[in-house]
Each structure stands twice: as C-alpha cells, then as structure tokens.
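Visitor: Got two chains here, each in a separate frame; can you build the complex from them with the hints?
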Amino acid sequence: MSRLSATARNRVAFTLNGRPVSLEAEPRLLATDALRHGLGATGTHVGCEHGVCGACTIQIDGAPARACLTLAVQLEGRDVRTVEGLSPAADRLSVMQAAFRRHHALQCGFCTAGILISLDAFLREQRHPTEEQLREVVGGHLCRCTGYTPIIRAALDAAAQLRDAPSLPEPAHV
Amino acid sequence: MKPAAFDYIRAGDLSEALDALARHGSDARIIAGGQSLLPMLNMRLAKPAVLIDVMGIPGLDKVRREGDAIVVPAGVRQAALMRRPNLAAEQPLLAAALPWLGHYQTRARGTVCGSAAHADPSAEIPLCLVALDGEIRLRSPRKSRTVKAGDFFAGMMVTDKGDDELIEAVVFPAARPGTGYAFREVARRHGDFAIVGCAALVTADAIHLAVAGVADKPERRSFPLLDGSALSDALNAFAWDLDARDDVHATARLRRDLVRSLGRETIAEALSCRA
Numbered sequence: 001m002s003r004l005s006a007t008a009r010n011r012v013a014f015t016l017n018g019r020p021v022s023l024e025a026e027p028r029l030l031a032t033d034a035l036r037h038g039l040g041a042t043g044t045h046v047g048c049e050h051g052v053c054g055a056c057t058i059q060i061d062g063a064p065a066r067a068c069l070t071l072a073v074q075l076e077g078r079d080v081r082t083v084e085g086l087s088p089a090a091d092r093l094s095v096m097q098a099a100f101r102r103h104h105a106l107q108c109g110f111c112t113a114g115i116l117i118s119l120d121a122f123l124r125e126q127r128h129p130t131e132e133q134l135r136e137v138v139g140g141h142l143c144r145c146t147g148y149t150p151i152i153r154a155a156l157d158a159a160a161q162l163r164d165a166p167s168l169p170e171p172a173h174v
Numbered sequence: 001m002k003p004a005a006f007d008y009i010r011a012g013d014l015s016e017a018l019d020a021l022a023r024h025g026s027d028a029r030i031i032a033g034g035q036s037l038l039p040m041l042n043m044r045l046a047k048p049a050v051l052i053d054v055m056g057i058p059g060l061d062k063v064r065r066e067g068d069a070i071v072v073p074a075g076v077r078q079a080a081l082m083r084r085p086n087l088a089a090e091q092p093l094l095a096a097a098l099p100w101l102g103h104y105q106t107r108a109r110g111t112v113c114g115s116a117a118h119a120d121p122s123a124e125i126p127l128c129l130v131a132l133d134g135e136i137r138l139r140s141p142r143k144s145r146t147v148k149a150g151d152f153f154a155g156m157m158v159t160d161k162g163d164d165e166l167i168e169a170v171v172f173p174a175a176r177p178g179t180g181y182a183f184r185e186v187a188r189r190h191g192d193f194a195i196v197g198c199a200a201l202v203t204a205d206a207i208h209l210a211v212a213g214v215a216d217k218p219e220r221r222s223f224p225l226l227d228g229s230a231l232s233d234a235l236n237a238f239a240w241d242l243d244a245r246d247d248v249h250a251t252a253r254l255r256r257d258l259v260r261s262l263g264r265e266t267i268a269e270a271l272s273c274r275a
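Each protein sequence line maps, in turn, to chains X and P.
Take the first sequence: its position 50, counted from the start at 1, is 50 in UniProt numbering, and no numbers get skipped.
Take the second sequence: its position 17, counted from the start at 1, is 17 in UniProt numbering, and no numbers get skipped.
I should point out that these hints are in silico values taken from the structure, not numbers from a laboratory.
There could be a bad hint or two in this list.
Partial selection, computed: residues in chain P whose CB lies under 7 Å from chain X [unchecked claim]:
1) Phe6
2) Arg10
3) Leu14
4) Ala154
5) Gly155
Computed from the model, here is a short list of chain X residues facing chain P with C-beta under 7 Å [stated by the list, open to error]:
6) Ser5
7) Gln133
8) Val137
By construction, the Cβ of each residue, glycine as well, lies at the ideal position given by its N, Cα and C atoms.
Excised from the complex, chain P in its bound form (with noise of 0.2 Å):
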C-alpha cells in the first residue's frame, strides 16, 4: 500500500520545523524514524498534507543527563539509545524495555521521541515513561512546556500535544539508590507490540505498576509493599479497572490474567534487585 501525496520539508533547524507546523497546523506532521508513521502512511490511516523531517536538524541526536534526568531529544534513535554505555545502571528499566521496543530492524531507525508522539497503548517507551513519571518537553513557536507523562498520554493514539507543537524531548528519571527496577511483556512475536507489558519500581515503602495493552493508554497504580493474597487482591482489582477489550490478538479475559501474572513476576523481579 502507497501513502497519499504530501509535501516533505527538510528543517534545518528547530525554528524552520516549529513555523512549518505553525503554518500548517494539523495538516502536517513531524517525521523522525518514520517507524510508525510510515505504516500510518502506507494504510493511508494518516494523509498528511506535509511532512516535517527533522532529523538533519543539528545537535538533536546526543542523550545528556541533566543532574538526575536521562534526557533523550526528538532525533535519537531507539538504538542509539540501547547503545548508550551504562544505561543499564542509569536506568534499568529502560534498559530492560528497549529490547523489546520493535525490532531491531526498526530500533535502527525508530525514534524514542516517536514512539512517545505516536502513543500506541502497546507501546514501550510511554510505559516507561508513565511508569517512571517522566516528562514530555514540548516547544512550539510561542512557548515551551512541560508535562508529566501520566498527563500527556490521554488515549488511544491520542496525546495532549497541540498541533502546533512538537515534542522536543522525553524525560526519563535516573534509577534513584533503593529502588527496584523490572520490565516483563508477552507479544505473539518478539519485538511485535505487547499483549500486555508491564514495568513495576519497588521502593522501600511502596510499589508502582504500570501496564500496557490493557487500556487505552498505559495506566499506572500504587500499592504499599503487599505481598500473598493481599497483592493478588489489589492486582485482580487493578486488573479489572483497566476495561479490557478482546481483540484479534487476545481476549480481554487472556489480557487480564496477564495483569495478574506478569504483574505479580515482574513486581517480584523489582523486589529482588531493590540496590
């Protein structure tokens, strides 16, 4: 399947790409990796009037930390990031997701920012970023700003970007000292989007679980340190809060169950490596 006809405009820098999407609004869109809007495109799910590619824009392709913050700008790709040395120290979780985030074909040119913009419920990088309340920086011609993750993701495919604005980085929080990090997902295929993923952090008085391929957008809980019957109870609960829906690729009752077993491994793995 071929995409519909569109414009394809090269930003050179981050003001050339912002006055573009000022100028054409919803009509356009930012291409990075393309590994999800090509699909969009080629289904003709997506028929943007132009295309706004920013990867020649200079200096968007290098992770850097800011004091405890992995920042990760709109032109690194998911590989690029993988490949980043000690990131398994900096953020486990991370590190533990990534290599389930596609394929590694497609982690080649994939951006880790596109897969924020492109919001599939499935997807990986907002689990992570949910998981971790991590942030969204978005910039558009007249201001910057800042949302927590858990505020940016709003539904299937649907995110509190505004048309005229891009994202300009993602946020991760670095791996805090007492603090236990796991990632489990089971998909048909590896590397294909989840069935249900779920990335739990344990801390010394609370555990976090967030999960995707549930709802429509990735949903995280709390819980204090339950353990037994206790646990089963709030996941079972949590389980059945998060509205299930059969699909072609598992049954709402299939996807709810894994919410209860993964969530209690993956919540044992975060227990057992607390540093």
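Bound conformation, chain X alone (with noise of 0.2 Å):
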C-alpha cells in the first residue's frame, strides 16, 4: 500500500510520446494539468472539466481517456500518448491528420487534438470501421464548428488509406 499526502508533492514517472517523463504532482491534480503546465505539452486542451466534451482526450496504456476525469496520480507507470505523439515527424502529418486537412475536418481547432486521439485508438483495434462505428467513436467528443460531417469523411478516407497501403506503418502512425 502507497499513501500520498494531499499536500505532498509527489513524484509521478511515466512513458509521453514514447519518452520517460516525470513531474511533481499533489493527488488532486488533473492529468490535463500535469501535462499542460507540469510537461508543457499543450497539445491536449482543457473544455468542459466534467467529462462530456472530450477536447481532452489521451490514451492511456493505448485506450482512449479523458484526461479531465483523470488524476496525475493515476498515470503512474503508464504508457501516454498524447496528440502530439501522432505525427511521424515534426515537420510531417499523420494518415489521419492529412486527411483532415483535406477534408476540412476541422475549423477553430480546439476539439480537434481530442478526435485525432479517440480515432486513432479506435482504429488499432478496428481497420474496417463502418461509418455508423465511427460516428459513435466521434459521438464522445462536441464539436461546435464542423457539423460533424467532414469530421466522418476524412475518418473512412484515412481508414481506407491506412488498410490500402501495406507500405505505410502500422496504427501506432494514423
């Protein structure tokens, strides 16, 4: 059994991106917070802080999570990846990325990081998702710019490219 104190800082180690990271961290501290200002990884955005807008989002050991409805703590040993883990490269865009530039997938931006996350962890475990699938997976996240359409256009055409193109990496570069 571990105890950490409620006003104790405690050290939290664990796996960003695919690089070992730590931060100081009291129990109460949200994991959206322990990234953007513990890590600077801003990437991952802060909406509604009650789990319903889905802006975020990470994945957690590959599962997709809110990070708003999750405690610093609690990533512990766990491998996290966040939307700027996507891209193969710092100058390059991700299967899925592209496609929503194409697609016009995105306007103002901001729930966008949560969406990438959500679709890239969904299509890991599904390489043929249905349109009905995706816009379940899309369902968890409130988009107030696109209507959602362009959103699900761009989700079946990286899909179909991913499956399309053996040459390409695996998911772990959607």
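Guide: In structure tokens:
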C-alpha cells in the first residue's frame, strides 16, 4: 500500500509519446494540468472539465481516456500518448491528420486533438470501421464548428488509406 | 474546475482497501475507473479526505462464470465486459445496454461496479441489475454480504452500501432459455445519461419492465402477458406511479410518454426474440 499525502508533491513517472517523463504532483492534480503545466504539452486541450466535451482525450496504455477525469497520479507507470505523439516527424502530418486537413474536418481546431486521439485508438482495434462505428466514437466529442460530416468523411478516408497501403506504418502512426 | 485536496491510497490488496475504508469511514471514497467520481470531485459535489484506489488489486479485473451467474468484480472496466466473447448469447440484455453506457472514451476507463456504486437514477448498469434481479456483493472488514439489486438502490445516488463497505462484485444472472430480452434508450446524445431507459424481460407467462431516468432509482414492474389496450393501460399506470419530474433535460410529461411508447417497443422486441 502506498499513501500519498494531500499536501505533498509526489513524483509521478510515466512514458509520454514514447519518452520517459516525470513531474511533481499533488494527488488532486488532474492529468490535463499535469500534461499542460507540468510538462508543457499543450496539445491536450481543457474544455468542460467534467467529462462531457472530449477535448482533453488522451491515450493511456493505448485506450482512450478523458484526461480531465484522470488524476495525474493515476498515470504512474503508464504509457501515455497525446496529440503531439501522432505525427511521424515534426514537419509531417499523420495519415489521419492529413485527411482532416484535406476534408476541412476542423475549423477552430479546439476539439481536434481529442478527436484525433480517439480515432487513432479506435482504428488500432478496428481496421475496417463502419460509418456508424465512427459516428459513435466521434459522438464522445463536442465540435461546435464542423457539423461532424467532414470529420466522418476524413476518418473514413484515413481508415481506407491505412488499410490499402501496406507500406504505411501500422496504426502506430495513424 | 478542480478537486479539493485529498490523500490518495493505492491499495495493494483487498484487505488494505478494507482497512483504509474502516479507518476513514465516510471521509473516504473508493476510486476505480473514476468516470463518475472525478466529475463529482471536479465540481466539488464530493470532497472526500481520502481516495482509495482499488485498480491495482490483483484479480479484480476478470469476469467469471459461477453457474448461471456472470460475476463482474470491482476492477472490470465497462469496455472489457463489452468485449467479452459471446456476451450477446450469455446475457443479451447486458450486451444491448452496454453500448449506451457512456462513450467509447469513458467506457475504456469506467468500471461496471463503479457505475453501480454511483447509483445515478439514469444509469444503465443499475437498470440492468434491477431488471435482471441481479445482486451486489459487499465486503467490509467484518463481513461479506449479498444484496438484491432491488434493495440496493435506495434513491438518487443513494445505496444500501455502508461507509465501511466496498462493492467486491456485481452479479448478473445469465440468460434463461425461453426468455426474451431487450433494451432501449432515449438520450440527448448517444452515450449521455438516459432521459428514459427501458429494459424488458418476457418469459412464458410474464412481462417484466424496468425503467431508468424517471423515478429516483431504477424501478421494475411485472405484468401478465398483456397486449393491446390492456398493456397500454398497465404502462400508463406504471408511468404515473414513477412520479416523474421536470428537469433541464426533459419534462415529466415527456418522460411518462416515453415509459408508455419506449416501454411498449422494448416489450415488443423482447417478445419477438424469446428463444
């Protein structure tokens, strides 16, 4: 059993986009704030902070998670991926990101990071997604600009590209 | 919004979690997936002094069969139960309800037992437990006990669980031959809490309908095999008995109407799939 005191700052160590990181966190610190303020990874956006909007979605051990409904101390020892970890290189977009750009699947872009993370996680488990399935996954996010139709179009396009191009890396770089 | 300060205990086994609960009583809350608790903490509707994390306890994350029962321990995430092979045959009601339970992103974290512990009157897990006459297994340092779902849920986010008890597992009866099962829900957005959710079981001689989102806890009623206007009258009486209230999501009148219409559709579907 380990007990972390409410007022003490505890070292939390985990992997962020493939690199080991650590920060000091009180137990009440949310994962969103740990990533943004503790580590400067501001790609994860803070929206509603009660699990409704999905803007803060990250992956923990490959599964999607609302970072605002996750405590930083719960990340201890986990493999965390954020939108910063999606592109294969600093100057390149991933297949999914490029599809979003082509289909005009974002406008203000506030919700986009979370949506990309959710779709990345889903396409790892389902390489032949139906439109209905994608709508359900994207349904966990609120987007007030696009009306969702371009997002679904981009997701279907990216899924087809990833399926049909065996030379592309596995969904590690969706 | 941010949580108030709390101590955080990672329990290594069940006895550590129970000892910590016994020591801190009503000042402590169990955290599993956290998908219901974190919003409460963020909005400071809950301000526990201590959180006890049970997700590191070995052995709590495996669903198992015990005869005709599907036993779901405290560490089982909703997505894991959904991925259980053959769940649709094992318990069709559960398989039909789970896709409505939160979103893809919250099911990956939230646990089945956590949803039971939270006892939201609109939630799908309490509804299924009440519909199927399932059970909740509670543990404290002093004793273990099993409570029928109908007795466990006591009101709006209120249960029969004592301050020193944790939910060790919830138990869903497996499908019985000759029984039809169906689940339907109306929500503002697929995955949000139900405005009204209906779970129906139809056996050779009875209809059982459980309803979430209307009363302050899931309520179940049994009817003989009525149809036509007799069934309409019975559903209408049930709808009025549930004491629906207006809130920001829907009027009481809409809720009563959904008990009548959605209830009827759910019963019809359960009738049609009696195996």
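Visitor: Work down the list of hints and note, for each, if the structure agrees.
Guide: Status of the hints after comparison with the structure:
1. Interface hint at phenylalanine 6(P): satisfied, since its Cβ lies 5 Å from the closest Cβ of chain X, which is below the 7 Å cut-off.
2. At its closest, the beta carbon of arginine 10(P) sits 5 Å from a beta carbon of chain X; the interface hint therefore holds under the 7 Å criterion.
3. Against a cut-off of 7 Å between C-beta atoms, the interface hint on leucine 14(P) is violated, since the closest Cβ of chain X lies about 11 Å away.
4. Using the Cβ-Cβ criterion of 7 Å, the hint placing alanine 154(P) at the interface with chain X is not satisfied: the shortest such distance is roughly 25 Å.
5. Interface restraint check: glycine 155(P) against chain X, minimum CB-CB distance 22 Å, threshold 7 Å, status violated.
6. Interface hint at serine 5(X): satisfied, since its Cβ lies 6 Å from the closest Cβ of chain P, which is below the 7 Å cut-off.
7. Checking glutamine 133(X) against chain P by beta carbon gives a least distance of about 9 Å; that is not within 7 Å, so the hint is violated.
8. Because the smallest distance between the Cβ of valine 137(X) and any Cβ of chain P comes to about 5 Å, under 7 Å, the interface hint for this residue holds.
This entry does not satisfy hints 3, 4, 5, 7, going by the numbered hints stated previously.
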